[in-house]
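In numbering that gives the first Met the number 0, the protein residues as written are 0 to 570.
Please keep in mind that the hints were generated in silico from the structure rather than gathered at the bench.
One thing to keep in mind: the hints can contain errors.
Unchecked claim - Below, a list of computed lysine-lysine pairs in the PhoX-like style, where the Cα atoms sit at most 25 Å apart:
1) Lys289 - Lys254
2) Lys534 - Lys482
3) Lys23 - Lys190
4) Lys328 - Lys190
5) Lys340 - Lys190
6) Lys534 - Lys492
7) Lys328 - Lys340
8) Lys340 - Lys174
9) Lys538 - Lys492
10) Lys129 - Lys152
11) Lys190 - Lys129
12) Lys459 - Lys23
13) Lys129 - Lys420
Said to hold, decoys possible - Label-pair ranges, simulated between beta-carbon atoms:
14) Lys94 - Arg145: 21 to 31 Å
15) Gly373 - Thr262: 53 to 63 Å
16) Tyr85 - Leu500: 48 to 58 Å
17) Gln89 - Gln126: 46 to 56 Å
18) Val68 - Thr262: 32 to 42 Å
19) Gln300 - Lys561: 49 to 59 Å
20) Asp363 - Pro343: 21 to 31 Å
21) Asp363 - Gln388: 53 to 63 Å
22) Asn287 - Glu77: 40 to 50 Å
23) Ser479 - Pro71: 30 to 40 Å
24) Gln388 - Tyr85: 30 to 40 Å
Virtual Cβ for every residue (Gly too), placed ideally from N, Cα, C.
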Amino acid sequence: MRWTQALIPTLKESPAEAEILSHKLLLRAGLVRKLTGGLYIFLPLGLRTLRKVEQIVREEMDRAGALEVLMPALQPPEIWEQSGRYETAQAVFFKVRDRAKKEWILGPTHEEVITTLVAGELSSYRQLPKNFYQIQTKFRDEIRPRFGLMRAKEFIMKDAYSFDATEDGAQASYKKMYDAYTRIFQRCGLKAMAVEADTGVMGGKFSHEFMVPAETGENEVVYCDGCNYAANMEKATSRHMMHADTGDKELPIEKFATPGATTINALTKPPYGVPAHQQIKTLVYVANDKPILILLRGDHQLNESKLTGALGTATFRPSTPDEIVDLLKAKPGSLGAVGVKDIPVYADEVLRGASAMTTGANEDGFHLRNVALGRDIHPAHWADLRTTQVGEACATCGKPLKIQRAIEVGHVFKLGTKYSKALNALFVDESGVQNPAIMGCYGIGVTRTLQAVIEQCNDKDGIVWPVSVAPYTVCITPLSVAKDGAVMQLAEKLYSELTALGIDVIMDDRDERPGMKFKDSELVGFPIRIGIGEKSLAKGEVEIKPRAGALIPTKPEDAVAKVLELIKAHS
RNA sequence: CGGGACGUAGCGUAGCUUGGUAGCGCGCUUGCUUGGGGUGCAAGAGGUCGUGAGUUCAAAUCUCACCGUCCCGACCA
C-alpha cells in the first residue's frame, strides 16, 4: 500500500470526546471514526488490525477443534421466551419490527440460536462433543456506552458454544477453550490473566474471565502473589478473620447516646472512639418486595453480586429512608438488628462469633455497645457478602491480596443444561436414554481486544503495535520522493521485495517533510520502519527502526534479511 | 434512569459574565520557501455559533424546551 492512495487521517490533537488513551489513539491514528455514541466506523487501517485479531482467534479456535458457523443477527423472540430469558435480558435488547409489526431481536448473544440448531441436528452421543463458534456483530442496548470500542452498542464478538454428553467431556471442552484463550491473547501481544468470575445472568456453574490489567479497565481483579488465586471483585473472597481484640463476650448490652453521630466514621471519633471494625453496619434492602437486613463489619462494603448469590435473586434494592423509618422506627445512621424479629437477617461470615460490637439502637441518636452475635443477634443466613479489600489475607495461602483494575476481554462459562433443557437439545446416550447436552459458552470481545492492545501497547509517541496485529508490519519511509532519485528507487525495490515475501508493507510516498513522516509512522505504530534518505544512503546505509527499539543502520542489500529477522524475533 | 459538564469551520479552541462586525491555532487550497523530527512567508476557501421557540430595535451571548456528546453514579445509612 502506498500512503498517498490510502486513507490514514491522523490527528495532531485528540478529539475532546475521547477520555482514555486507547480511545484517543484509535482516533488520532486514523483507525476509527465515531458515527454516533457507541457506534464506530472502522477505517481501512483499523479494519486491517481488526481482521488480524479475528484471524488469530479463528486459527486458535480451529486448532482447538471448534467449528465455525455464522448465525443471523436478527432473532425471533420466541426462542428467548422458550429459554426463559426474554424478561431478564429485556433491558439489553434492541428490537425491530417487520412490516407485519412482528417483533424481532437484534442478537445480544446466541445461546438460544445455537441450541435450537443443535436440538434439530444432533441426536446421538456419537455426534458429541461439538463446539460451534462464530465471529459476528452483537447488539446490546448498553446503559452507558463509553471509551470508544470498549463498551459499544454494536461490537464484534467471537462466541463459541460447546455441547457434551458427559460432565468429564464438558470439563475437557472448557479446558480446551481456556487454553485456546490463553494462546489467543498471548498471540495478540496482550498480557492477560485468567480470573475466577461471577456467572451473573448467564446462569451456569463456574467461569473464568480473561483480564488485561489496565488502569482504565471497568473491572477490578483481586489477586495473590503467593499462590495463583485471582478473581473478579464481584466474586473474590478472603480469609474470614474476625479482628483479634474482639473483646469480652460476657459484658451486657449497654445503650448510649450518640447525638448527631449517624455514620461509622463519626463513631470512630471522640467522644466515642469505636474503631470501624468493632461496629456493625446494618443495611436495609428490599428483596422480592420484602425487607431484609444485611449486617457487615463497619469497615466493610456490601458486594451486590455476592448478595445476588446469597438471595438467589437479583431483584433487590436498598430501602428508601421512609421505608426504613416505617420498618425500624429509626432513621439510617441509628439502625441495628438487636431485638428485630420477623425480618430476615443476612450476616457476613466475618461477623460470626463477634462480640463487644457497637451497632445502632433503632432509636435516633442512640447506639448499643457490647453486642454479641449469636447472643443478641441471630442471623437467619450467613454468607460471604463483603467486598474484598486490598491487603486482606488470601483465602488459599494467607498472603495479603492485591487489587488491580483490568479490561475484560474474554469470558468462559460452564453452563450446564439450562439451555439444552429449555430448548430440547437432547441426545440419546449409550443405553438409549435421552439426556440434555451439557453446554459451555465462550466469548471474546474482538473489538474490545483490539482496543485493549492499544491500551497496553503505546508510548508517548503513539501506538506500539505487536507484529501480530499491526495494520502493516513495515513502513518504508523515503525522505525524498522524486521518482528518479536514488532514494525512491531503493524504496521501490525494498517495497516490491518485501511485498513479494508476503509481508504487509506500506510506503510513505507523500511529498512531506521527514519530521511529519516520522511522527505519523510512530503515531500509527508500525512495528518496523525503514528510513531511506540521502544522508544515510551516502554512507551506504538505510535506517531500520523497530518501533520500540533503537535504530539499526543497515546496508541496503541486507535490509530485507534484517527485516525478516526482526519480524521473526517479534512474532 | 439520576447528577454534572459541554455543544462556535474537518480537529482543538476564544468570545458568553456586561447582548451590537464571529476570532485564533492545526488541517485544507494556491504560490514561493524549506528539505533528517509536525519548516517559514504570503494569499485564499471553509460557519444556519446543536435545533426550535421566547425576550429585545438587536441574541453565539439572556430565558425555556428539545436533541446530541462526554464524565460520574445508579449500593455502602
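The hints, checked one at a time:
no.: 1; hint: Lys289 - Lys254; result: 29 Å, violated
no.: 2; hint: Lys534 - Lys482; result: 18 Å, holds
no.: 3; hint: Lys23 - Lys190; result: 21 Å, holds
no.: 4; hint: Lys328 - Lys190; result: 53 Å, violated
no.: 5; hint: Lys340 - Lys190; result: 52 Å, violated
no.: 6; hint: Lys534 - Lys492; result: 18 Å, holds
no.: 7; hint: Lys328 - Lys340; result: 13 Å, holds
no.: 8; hint: Lys340 - Lys174; result: 48 Å, violated
no.: 9; hint: Lys538 - Lys492; result: 18 Å, holds
no.: 10; hint: Lys129 - Lys152; result: 30 Å, violated
no.: 11; hint: Lys190 - Lys129; result: 29 Å, violated
no.: 12; hint: Lys459 - Lys23; result: 12 Å, holds
no.: 13; hint: Lys129 - Lys420; result: 17 Å, holds
no.: 14; hint: Lys94 - Arg145: 21 to 31 Å; result: 23 Å, holds
no.: 15; hint: Gly373 - Thr262: 53 to 63 Å; result: 26 Å, violated
no.: 16; hint: Tyr85 - Leu500: 48 to 58 Å; result: 54 Å, holds
no.: 17; hint: Gln89 - Gln126: 46 to 56 Å; result: 34 Å, violated
no.: 18; hint: Val68 - Thr262: 32 to 42 Å; result: 56 Å, violated
no.: 19; hint: Gln300 - Lys561: 49 to 59 Å; result: 56 Å, holds
no.: 20; hint: Asp363 - Pro343: 21 to 31 Å; result: 24 Å, holds
no.: 21; hint: Asp363 - Gln388: 53 to 63 Å; result: 30 Å, violated
no.: 22; hint: Asn287 - Glu77: 40 to 50 Å; result: 28 Å, violated
no.: 23; hint: Ser479 - Pro71: 30 to 40 Å; result: 53 Å, violated
no.: 24; hint: Gln388 - Tyr85: 30 to 40 Å; result: 38 Å, holds
Against the hints set out earlier in the document, violations occur for numbers 1, 4, 5, 8, 10, 11, 15, 17, 18, 21, 22 and 23.
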